[in-house]
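Q: Residue-level listing of the chains:
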Amino acid sequence: MSRTWKTTLADEISSELRTEIDTFEQQIEAKKAGRIHDKIFAETRLRRGVYGQRYDNGFRNDGDGPKALAFPCGDLTKGPDTVWDAPGMQRIKIPYGRMTVAQLREMADLAEEYSDAILHVTTRQDIQLHFVHIEDAPDMHRRLAKVGITTREACGNSVRNVTACQFAGVCSTQTFDVTPHADAATQFLLGHPDVQDFGRKFKIAFSGCHGEPCGLVTFHDLGAVAKIQDGKRGFELVVGGGLGAVPVKAAVLMEFCPEEELLPVSQAVCRVFARLGEKDSRARARIKFLVQKVGIEKFRELVAEERAALRDDPRWTAFLETPDTSFEEKPKFDPAPRASGDAEYEAWCATNLREQSQEGYFVATLTLPLGDLTSHQSRLLADITEELAGDTLRCTVEQNLAIRWLSGSDLPKLHAALKAAGLAEGGAGTITDLTSCPGTDTCKLGISASRGLTGELRKRLNVMQNDLDPEVKKLRIKASGCFNSCGQHHVSDLGFLGVSRNVGGRKVPYFNVVVGGEWTNNGGSYGMVVTAIPSKSVPEAINLLTNTYLEQKEQDESFQDFVARLGKPEIRKLLKPFTKPPSYEEDPSFYSDWGDPREYGIGDLGIGECAGEIVPFVEFGLQASELELDQAQDLFDQGQYEEAQKRAFAAMATAAKALVRHVGGQVRDDAEDAVTQFRTHLYDTELFFDRYAKGKFGRYFFTAFEALQADFSEQSAHRHLDEARLFFEASHSCYERLAAAAATEGAAE
Amino acid sequence: MSLQPAKRVLIKRFIESGAPESEEVVPPFHQWIRDALIEGELLIDVADYAHVHEGPSVLLVGHGIDIAFDHGLGRPGIYVFRKRGFDGDLDARIENALQILNVAVARFEKDFPEVKFSDELSLSIVDRLHAPNTDAGFEDLKSLSAPILEQQGLAVVGRHNPHPGAALGLLAKNS
Chain Y
1 MSRTWKTTLA
11 DEISSELRTE
21 IDTFEQQIEA
31 KKAGRIHDKI
41 FAETRLRRGV
51 YGQRYDNGFR
61 NDGDGPKALA
71 FPCGDLTKGP
81 DTVWDAPGMQ
91 RIKIPYGRMT
101 VAQLREMADL
111 AEEYSDAILH
121 VTTRQDIQLH
131 FVHIEDAPDM
141 HRRLAKVGIT
151 TREACGNSVR
161 NVTACQFAGV
171 CSTQTFDVTP
181 HADAATQFLL
191 GHPDVQDFGR
201 KFKIAFSGCH
211 GEPCGLVTFH
221 DLGAVAKIQD
231 GKRGFELVVG
241 GGLGAVPVKA
251 AVLMEFCPEE
261 ELLPVSQAVC
271 RVFARLGEKD
281 SRARARIKFL
291 VQKVGIEKFR
301 ELVAEERAAL
311 RDDPRWTAFL
321 ETPDTSFEEK
331 PKFDPAPRAS
341 GDAEYEAWCA
351 TNLREQSQEG
361 YFVATLTLPL
371 GDLTSHQSRL
381 LADITEELAG
391 DTLRCTVEQN
401 LAIRWLSGSD
411 LPKLHAALKA
421 AGLAEGGAGT
431 ITDLTSCPGT
441 DTCKLGISAS
451 RGLTGELRKR
461 LNVMQNDLDP
471 EVKKLRIKAS
481 GCFNSCGQHH
491 VSDLGFLGVS
501 RNVGGRKVPY
511 FNVVVGGEWT
521 NNGGSYGMVV
531 TAIPSKSVPE
541 AINLLTNTYL
551 EQKEQDESFQ
561 DFVARLGKPE
571 IRKLLKPFTK
581 PPSYEEDPSF
591 YSDWGDPREY
601 GIGDLGIGEC
611 AGEIVPFVEF
621 GLQASELELD
631 QAQDLFDQGQ
641 YEEAQKRAFA
651 AMATAAKALV
661 RHVGGQVRDD
671 AEDAVTQFRT
681 HLYDTELFFD
691 RYAKGKFGRY
701 FFTAFEALQA
711 DFSEQSAHRH
721 LDEARLFFEA
731 SHSCYERLAA
741 AAATEGAAE
Chain E
1 MSLQPAKRVL
11 IKRFIESGAP
21 ESEEVVPPFH
31 QWIRDALIEG
41 ELLIDVADYA
51 HVHEGPSVLL
61 VGHGIDIAFD
71 HGLGRPGIYV
81 FRKRGFDGDL
91 DARIENALQI
101 LNVAVARFEK
111 DFPEVKFSDE
121 LSLSIVDRLH
131 APNTDAGFED
141 LKSLSAPILE
151 QQGLAVVGRH
161 NPHPGAALGL
171 LAKNS
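In the order they appear, the protein sequences are chains Y and E. For the first sequence, counting from 1, position 431 maps to 431 in the numbering used here; every step adds exactly one. For the second sequence, counting from 1, position 136 maps to 136 in the numbering used here; every step adds exactly one.
Misleading hints may appear alongside valid ones.
Keeping only pairs whose Cα atoms sit at most 27 Å apart, straight-line, the calculated DSS-like set for lysine-lysine is [what the hints assert, rightly or not]:
id: 1; chain 1: E; residue 1: Lys7; chain 2: Y; residue 2: Lys146
id: 2; chain 1: Y; residue 1: Lys6; chain 2: E; residue 2: Lys7
id: 3; chain 1: Y; residue 1: Lys32; chain 2: Y; residue 2: Lys67
Bear in mind the hints are in silico, worked out from the structure with no lab data behind them.
Chain Y extracted, bound-state conformation (with noise of 0.2 Å):
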């Protein structure tokens, strides 16, 4: 039998992610055996950051209209609508944009084994990968695993990438280092089961000070902005930010918080988040619509009531014991003055060079055109990473990558080095480094190609930026391929979201212009719709507003002030000319995206699996301990009976704990809790009782917990094993009680 990566793999991984992994393939084979729902399949594999693609519904527009795309799997699905064998994309989270040299060769190797030879950097610090069998999945996560990267909880209704500024520790404006505070929330949320039962996904980000953008919290779901308050180190939080189709701006949540609270008053956002938030409208399921809801002063006190009720947890304040500089990258050389070099290494250091805060070191940004770079050149990069800063490199949220710790002498050796790797683009932070989300190319929300033109417009802007004003060149534009704005064009000088519109009974692909948001302050204003106009008409409306900023502006004026001054009526004026596109006949180029030659469409859009699919948290803790109870009998089987009753007993506690949480109780992970948790919450109150066998099912559970410590026989697994069985049964029946029990309450509401 050949080797495969589970067993080649098997002594590097962590037992805990080994089994997620395991588990998850796992559920792959059970779903291709039918033997898991759609939706629950869809969640699944989402919480693994196994997302969909565009055309996944099987059909394709060719330019003639959607066709179908005969894949070979024929009726088999990943989820509602989405066809198994359709490539798929997979998310890659790297918390706070860190990741080590070691990490991204492997990810290099997986780009080019499963993917497409791309890593594409996204606006909140992941890597992606295009064009991925679901089946490549597991192994693909053992691989990721082997480094230390887990994609659990990449996508979903869960917490998604924890953020933070990529200059964290090695910045001037910085309160202090907000590194082991963003790492500290990553690992005490993720799968934490408070963290579970959201209607939509939950975004986090850390900032370092107020002012910069690099952070960008106000439109998260909860942001946290470094404060010392009487010599005490915190955070303002802010709650309900978010973007989309209407960009919300934050709200003070507590204008204190000191950091041994950072973890208990997050996990208490969470779990108001869980009770109370929207779950049937995936629409108004973010948390800023629960807050604008009842209010932000009625939810400081809701998280305050909900934080009060906590049970201790050490982990709270376990990570204020490890000493920062655990983070701190170590340099490799001593540090030096910038050295000088040729003018166009100098100007290279202009736009792409940073002073750390520790003096002769400095941080280079790597400006990646749209986010990609190959297999190939992440391997150079981690070379020259590893020869001239150490280990680390951040991504950052304008999808670019950051090395730090670069002795100011190094530099020239190392622009070289990146000149060599096609790595020494400049303009970082300026009107060419173009941020963009996937759009049509491979999102199945895109409504137009997002990509296609900010890679128009780079090209544009490239060959002219010597002759650029510097007051143009300093602009930031940012386009979106539709209204969920992952593009983050709100918080751009010149923000694009796609639209489509019909023109004589043809469909073309339009742009909403957007103009003056701001950057800084974390993103601190968005800006303003202006008008629509056509997708190919965008380069020229570009130029108009610049040269009539520059023409107009009074002063020193920035491009945010003067488009204020303007006002909305004027500028829609002003790009009158261009809403309207010439008719088929005179130039048919306008009825086809930037970058595609087929004629415009939106016949292939799929449904969107940003939102993931609403799936009560229980329903995947009875669905694992179902597995767990088929991998008992598997090794009851294969005669190991003592390891048989243990995992009938594990099945057992994760079919209890997912009810316990279910009716609003909290449980730790150990066995002994479940059971306490459990006789509490669903025995003594009666609510597991059956009908006619009242609690005896629950009364296995309690006796299945006392076998543990006695002698273990074939005779005793084969008992436990068909109670656990009974005992799991009995829950899902005490689950649908519980379920029809809400509805009925529900609809006498």
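Got chain Y sorted already, so can you dock chain E onto it with the hints?
A: Quick look at chain E alone, frame taken from chain Y:
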């Protein structure tokens, strides 16, 4: 160690002169999908990576194979990547990928008559589990592929990508 269990094979024919601009390749690749150019293979979509330095500039994504107008290591060419599907051992997979590459190259020459392909190709086994990039792996690959390459009038001339992290690969030229 036998390379036979390896599944993923990438073969690239290099262009000697007359390579088109990447953006010119996008429309023909869409047409290849409409024409179902490769018999028995589902071609799905075209991805434009022209902005990436020395990458798969225009990628025709399929279910079992990908085809790319590629600039890897700074050399333009057309590659076929057999990533899944197709039962058979590695020899058969290499032969199959070569056949598909020949179809793609012929069509590319028709779409871009000014293109001249060189007599050189690279063959990589993109499978680090079964085909690690080691000296022994290279020797195995050479032995395994030599008879197949000979049928095309090609002989192995050396390793492909010199980076130690790259996939196992070789270069072959007209003998």
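Q: Going straight from one Cα to the other, do lysine 32 of chain Y and lysine 67 of chain Y come out at no more than 27 Å?
A: Distance ~25 Å between lysine 32 of chain Y and lysine 67 of chain Y Cα, so the pair holds.
Q: Assess, step by step, whether the Cα of lysine 7 of chain E is no farther than 27 Å from the Cα of lysine 146 of chain Y, and give holds or violated.
A: holds, 22 Å
Q: Is the straight-line distance between the alpha-carbon of lysine 6 of chain Y and that of lysine 7 of chain E 27 Å or less?
A: holds, 17 Å
Checked against the numbered hints given earlier, the structure satisfies every one of them.
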